[in-house]
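Can you make the complete structure from the sequences, with help from the hints?
In order, the protein sequences belong to chains E and X.
Using my numbering, read the first sequence as starting at 191 and increasing by one per residue.
Using my numbering, read the second sequence as starting at 9 and increasing by one per residue.
I should point out that these hints are in silico values taken from the structure, not numbers from a laboratory.
Using N, Cα and C, we set each Cβ at its ideal position, and we do this for glycine too.
Some clues are possibly wrong.
Covered, in the sense of this in silico footprint (three residues per stretch, anywhere, with C-beta under 8 Å from a C-beta of chain E), are these stretches of chain X [as the list claims (entries may be wrong)]:
id	segment
1	49-59
2	65-73
3	111-123
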Amino acid sequence: DIQMTQSPSSLSASIGDRVTITCRASQNIITFLNWYQQKPGRAPNLLIYAASSLQSGVPSRFSGSGSETDFTLTISSLQPEDFATYYCQQSYSPPLSFGGGTKVEIK
Amino acid sequence: EVQLVQSGAEVKKPGESLRISCKGSGFSFSSYWINWVRQKPGKGLEWMGRIDPSDSNTNYSPSFQGHVTISVDKSISTAYLQWSSLKASDIAMYYCARESPHRYQLDVWGKGTTVIVSS
Chain E
191 DIQMTQSPSS LSASIGDRVT ITCRASQNII TFLNWYQQKP GRAPNLLIYA ASSLQSGVPS
251 RFSGSGSETD FTLTISSLQP EDFATYYCQQ SYSPPLSFGG GTKVEIK
Chain X
9 EVQLVQSGAE VKKPGESLRI SCKGSGFSFS SYWINWVRQK PGKGLEWMGR IDPSDSNTNY
69 SPSFQGHVTI SVDKSISTAY LQWSSLKASD IAMYYCARES PHRYQLDVWG KGTTVIVSS
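So, in structure tokens, the structure goes:
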């Protein structure tokens with residue numbers, strides 16, 4: 191099974207900050223890597239798929255990069271509505287595992 | 009509108025059986041795998057398994073294999089997650105999600121079903 195490791199597990203940032211979250215796969219997943227945002231009491235929402243493709247309707251301040259085992263989610267200028275938990279997920283092979291999550295909090 | 013509508017919250021006793029549902033609308037249900045994801049209170053997302061409505065082919069996470077059953081009735085565009093004997097450790101929110109056939113991302117999610125198991 192493929193293990194997904196996210197870092198950091200939490201971070202504090204201010205409005206307007208550039209935020210970077212990393213995700214590492216235990217084996218090569220090419221670019222079968224997706225990012226989701228989850229706000230308290232809500233279902234997850236797809237942000238980025240195939241490592242760098244922006245899901246329709248998602249603001250352009252969100253971007254993704256990486257390939258093989260190392261991936262990054264970047265928020266270029268943090269907005270109030272971006273405070274949430276972010277998860278990576280590999281869709282290369284089942285079981286389609288998630289990372290442990292990164293909680294983005296207000297500094 | 010493309011959506012997945014999940015059944016309501018459940019309160020059950022240990023050892024009871026349960027089936028929760030996920031009904032798709034606004035898209036060709038048989039063309040998309042439906043995934044199930046567990047989230048325990050205050051914890052992260054866990055992928056449980058998925059089903060192809062066109063032929064009922066399933067994949068399960070080893071962590072859930074044998075403890076839950078995923079099924080589908082494509083005639084009514086509904087997927088199911090079933091337990092034969094609930095445990096207190098099954099307390100969680102359960103989400104269904106549609107899997108895109110392009111790069112297998114989970115692009116549409118249900119709002120979730122809360123399952124509480126208490127004696």
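Hint by hint, here is what the structure shows:
Counting residues of the segment 49-59 of chain X whose C-beta lies closer than 8 Å to any C-beta of chain E gives 6; at least three are required, and the coverage claim holds. Given as covered by chain E, the segment 65-73 of chain X passes the check, having 5 residues with a CB less than 8 Å from a CB of that chain where 3 are the minimum. Against chain E, the segment 111-123 of chain X contributes 9 residues with a C-beta closer than 8 Å to a partner C-beta. That satisfies the three-residue criterion, and the hint holds.
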